[in-house]
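J.: Using the hints, position chain B against chain A.
There are 2 protein chains.
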Amino acid sequence: MSAPARVLVDGVSTQTVSAFDRGLSYGDGLFETIRFVHGVAPLWSRHMQRLQASGERLRLPVSDAALLLREAVTVADGLEQAVVRITVTRGQGERGYALPSSPQPTRIVAAFAAPAMAGDAYAHGIRLRWCETRLARQPLLAGMKHLNRLEQVLARAEWSDPAIADGLLCDTDGKVIATTMANLFAVIDGALVTPSLDHAGVAGVARAEVLASQAAVRVGDISRKDLLHADEVFLSSSVRGILPVQAVDDTVYVPGPVTRALQRHWRGLGFPMEQA
Amino acid sequence: MSAPARVLVDGVSTQTVSAFDRGLSYGDGLFETIRFVHGVAPLWSRHMQRLQASGERLRLPVSDAALLLREAVTVADGLEQAVVRITVTRGQGERGYALPSSPQPTRIVAAFAAPAMAGDAYAHGIRLRWCETRLARQPLLAGMKHLNRLEQVLARAEWSDPAIADGLLCDTDGKVIATTMANLFAVIDGALVTPSLDHAGVAGVARAEVLASQAAVRVGDISRKDLLHADEVFLSSSVRGILPVQAVDDTVYVPGPVTRALQRHWRGLGFPMEQA
Numbered sequence: 001m002s003a004p005a006r007v008l009v010d011g012v013s014t015q016t017v018s019a020f021d022r023g024l025s026y027g028d029g030l031f032e033t034i035r036f037v038h039g040v041a042p043l044w045s046r047h048m049q050r051l052q053a054s055g056e057r058l059r060l061p062v063s064d065a066a067l068l069l070r071e072a073v074t075v076a077d078g079l080e081q082a083v084v085r086i087t088v089t090r091g092q093g094e095r096g097y098a099l100p101s102s103p104q105p106t107r108i109v110a111a112f113a114a115p116a117m118a119g120d121a122y123a124h125g126i127r128l129r130w131c132e133t134r135l136a137r138q139p140l141l142a143g144m145k146h147l148n149r150l151e152q153v154l155a156r157a158e159w160s161d162p163a164i165a166d167g168l169l170c171d172t173d174g175k176v177i178a179t180t181m182a183n184l185f186a187v188i189d190g191a192l193v194t195p196s197l198d199h200a201g202v203a204g205v206a207r208a209e210v211l212a213s214q215a216a217v218r219v220g221d222i223s224r225k226d227l228l229h230a231d232e233v234f235l236s237s238s239v240r241g242i243l244p245v246q247a248v249d250d251t252v253y254v255p256g257p258v259t260r261a262l263q264r265h266w267r268g269l270g271f272p273m274e275q276a
Numbered sequence: 001m002s003a004p005a006r007v008l009v010d011g012v013s014t015q016t017v018s019a020f021d022r023g024l025s026y027g028d029g030l031f032e033t034i035r036f037v038h039g040v041a042p043l044w045s046r047h048m049q050r051l052q053a054s055g056e057r058l059r060l061p062v063s064d065a066a067l068l069l070r071e072a073v074t075v076a077d078g079l080e081q082a083v084v085r086i087t088v089t090r091g092q093g094e095r096g097y098a099l100p101s102s103p104q105p106t107r108i109v110a111a112f113a114a115p116a117m118a119g120d121a122y123a124h125g126i127r128l129r130w131c132e133t134r135l136a137r138q139p140l141l142a143g144m145k146h147l148n149r150l151e152q153v154l155a156r157a158e159w160s161d162p163a164i165a166d167g168l169l170c171d172t173d174g175k176v177i178a179t180t181m182a183n184l185f186a187v188i189d190g191a192l193v194t195p196s197l198d199h200a201g202v203a204g205v206a207r208a209e210v211l212a213s214q215a216a217v218r219v220g221d222i223s224r225k226d227l228l229h230a231d232e233v234f235l236s237s238s239v240r241g242i243l244p245v246q247a248v249d250d251t252v253y254v255p256g257p258v259t260r261a262l263q264r265h266w267r268g269l270g271f272p273m274e275q276a
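Going down the list, the sequences are from chains A and B.
Going by full-length UniProt numbering, 210 is the number at position 210 of the first sequence; the sequence numbering is gapless.
Going by full-length UniProt numbering, 117 is the number at position 117 of the second sequence; the sequence numbering is gapless.
Treat the hints with care, since some could be wrong.
Unchecked claim - One-sided and incomplete, this derived list gives chain B residues near chain A with beta-carbon spacing under 8 angstroms:
id: 1; residue: Arg6
id: 2; residue: Val12
id: 3; residue: Thr16
id: 4; residue: Ser18
id: 5; residue: Ala19
id: 6; residue: Ala110
id: 7; residue: Met117
id: 8; residue: Thr133
id: 9; residue: Leu147
To be verified - Restraint ranges, calculated between C-beta atoms of paired labels, are given here:
id: 10; chain 1: B; residue 1: Val252; chain 2: A; residue 2: Asp10; range: 46 to 52 angstroms
id: 11; chain 1: B; residue 1: Ala191; chain 2: A; residue 2: Val219; range: 46 to 52 angstroms
id: 12; chain 1: B; residue 1: Glu56; chain 2: A; residue 2: Asp161; range: 21 to 27 angstroms
id: 13; chain 1: A; residue 1: Ala66; chain 2: B; residue 2: Gln15; range: 26 to 32 angstroms
id: 14; chain 1: A; residue 1: Arg57; chain 2: B; residue 2: Lys225; range: 28 to 34 angstroms
id: 15; chain 1: A; residue 1: Asp10; chain 2: B; residue 2: Gly119; range: 37 to 43 angstroms
id: 16; chain 1: A; residue 1: Ala98; chain 2: B; residue 2: Ala191; range: 29 to 35 angstroms
id: 17; chain 1: B; residue 1: Ala98; chain 2: A; residue 2: Ala261; range: 28 to 34 angstroms
id: 18; chain 1: A; residue 1: Ala215; chain 2: B; residue 2: Lys225; range: 46 to 52 angstroms
id: 19; chain 1: B; residue 1: Gly174; chain 2: A; residue 2: Ala65; range: 55 to 61 angstroms
id: 20; chain 1: A; residue 1: Arg57; chain 2: B; residue 2: Glu56; range: 32 to 38 angstroms
id: 21; chain 1: A; residue 1: Leu269; chain 2: B; residue 2: Pro103; range: 21 to 27 angstroms
id: 22; chain 1: B; residue 1: Arg264; chain 2: A; residue 2: Ser160; range: 51 to 57 angstroms
id: 23; chain 1: A; residue 1: Ile164; chain 2: B; residue 2: Gln15; range: 37 to 43 angstroms
Claimed, not checked - Here are some, though not all, of the chain B residues that point toward chain A, as calculated from beta-carbon distances under 10 angstroms:
id: 24; residue: Val7
id: 25; residue: Gly23
id: 26; residue: Gly29
id: 27; residue: Val83
id: 28; residue: Arg85
id: 29; residue: Ala98
id: 30; residue: Gln152
id: 31; residue: Arg156
Worth flagging that the hints you see were computed from the coordinates, not collected in a lab.
Every residue gets a Cβ at the ideal spot worked out from N, C-alpha and C, and that includes glycine.
The following block holds chain A by itself, in its conformation from the complex (with noise of 0.2 angstroms):
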């Protein structure tokens, strides 16, 4: 495995956590993947809020952004490209589901290298395929980045092909989600639009950044028959940036210019990753 360089488990350097972790017995934990560029992660705040809101939601406190990003800058110190991986869990409690009536959270911070990206995958985009598994509807737990991610473990499970950089989602009613690590955008009939993930998939922290860059997008529902006659398809996501798609198994997309726009967006907050 790519070894982290450093973590940090409450503050402390080790590789272990207790075996009675509420996040390994239950998945009861949230986490968040960051790009850092050399110290630097251009979308830190964004993370930090999606996990304050998330914890809001999971009635779990999560530790202060100002000490997280501490922990985050020490375990990444040394790697000019990291992707710093938080994790905070309910912490150990009573066996059972019920809240511990002193919750005491764990918070894991770890760093690892970014990964790297086929060289022209940013100026001609990835292949993706269609899953087989369908995402379950779940408004609850809807958009978070929680430790209940089963379904992306099982879909990613559905092929070995390195050609094939990702698989394409949808829920239970058919409607197209995400694929299993990045969300998914595509400008149909002259509009971009998102799927909207108030039942399943989460709120990804780079579509955030396109949300709030771009003048008008619209979120709604999208069927596999309206992604057929695209115009452009391209994945956001907070380690991989702003992926075009140039083919779902048999239908080919090429980048256009809301594809290319948003990557030289993305070089603007500080990523080197889209050299296209």
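T.: What follows is chain B alone, placed relative to chain A:
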């Protein structure tokens, strides 16, 4: 917390696991909570059957049952009434959802003192409430006791009144599924019925024992309305056995002959708790 008597992680006495275990990162694993009585687990083979079958569904190699039994007996040693939790995860992996190319599952075997029930729970029954939380419908995960349990955590967080022993859950279609920690049975119009778990819920080991021991049980859909006029309602749980329900919110039930017969069956299996 009720500290575990002893813990073995991959056969080694320790209290910790890797901070990069996929059980923690993604809830990528399974568990069993197994009642031991004087070192014996009457439903052991059913637990192993479920673990094995779920492992196949998740493509997660599960340890040999004989090894797990040795470790379970070791950690439960000295506890008259124990609950042994066996957790099997997909172990450490690279960052990302893809299955590790050479998976090395982690197994955690821990013993806890069995929970004490209120003195008259088995005789007069327990009180339940209806939860607001709805279970998502996900056939790919339904039935398994996997580590993605945020729905149960959210449901259990809805109440703190210690007089309420558990909460009843419907799925997002409004079908009654289970409580947060047990399966549900009801006698309706003279027939014993239990919800189908094809789309949500955990197919409990105690439920399997009830199904195997009864000549006729209907497995199908149950609505809240159906439950209103049930003659008997009880829960089945591998940890707690057969628990009569005396009330769901304001609807009152009286433990009847089917419930009592199953409690006798449980005592016949070697469980001591149903001293009704």
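J.: Hints first: check each against the structure and report whether it holds.
T.: For each hint, the structure was consulted:
no. : hint                                        : verdict
1   : Arg6                                        : violated, 11 angstroms
2   : Val12                                       : violated, 11 angstroms
3   : Thr16                                       : holds, 4 angstroms
4   : Ser18                                       : holds, 6 angstroms
5   : Ala19                                       : holds, 5 angstroms
6   : Ala110                                      : holds, 7 angstroms
7   : Met117                                      : violated, 13 angstroms
8   : Thr133                                      : holds, 6 angstroms
9   : Leu147                                      : holds, 5 angstroms
10  : Val252(B) <-> Asp10(A): 46 to 52 angstroms  : holds, 48 angstroms
11  : Ala191(B) <-> Val219(A): 46 to 52 angstroms : holds, 47 angstroms
12  : Glu56(B) <-> Asp161(A): 21 to 27 angstroms  : holds, 23 angstroms
13  : Ala66(A) <-> Gln15(B): 26 to 32 angstroms   : holds, 31 angstroms
14  : Arg57(A) <-> Lys225(B): 28 to 34 angstroms  : holds, 31 angstroms
15  : Asp10(A) <-> Gly119(B): 37 to 43 angstroms  : holds, 40 angstroms
16  : Ala98(A) <-> Ala191(B): 29 to 35 angstroms  : holds, 34 angstroms
17  : Ala98(B) <-> Ala261(A): 28 to 34 angstroms  : holds, 31 angstroms
18  : Ala215(A) <-> Lys225(B): 46 to 52 angstroms : holds, 50 angstroms
19  : Gly174(B) <-> Ala65(A): 55 to 61 angstroms  : violated, 40 angstroms
20  : Arg57(A) <-> Glu56(B): 32 to 38 angstroms   : holds, 34 angstroms
21  : Leu269(A) <-> Pro103(B): 21 to 27 angstroms : violated, 37 angstroms
22  : Arg264(B) <-> Ser160(A): 51 to 57 angstroms : holds, 52 angstroms
23  : Ile164(A) <-> Gln15(B): 37 to 43 angstroms  : holds, 41 angstroms
24  : Val7                                        : holds, 6 angstroms
25  : Gly23                                       : holds, 5 angstroms
26  : Gly29                                       : holds, 8 angstroms
27  : Val83                                       : holds, 7 angstroms
28  : Arg85                                       : holds, 7 angstroms
29  : Ala98                                       : holds, 5 angstroms
30  : Gln152                                      : holds, 5 angstroms
31  : Arg156                                      : holds, 4 angstroms
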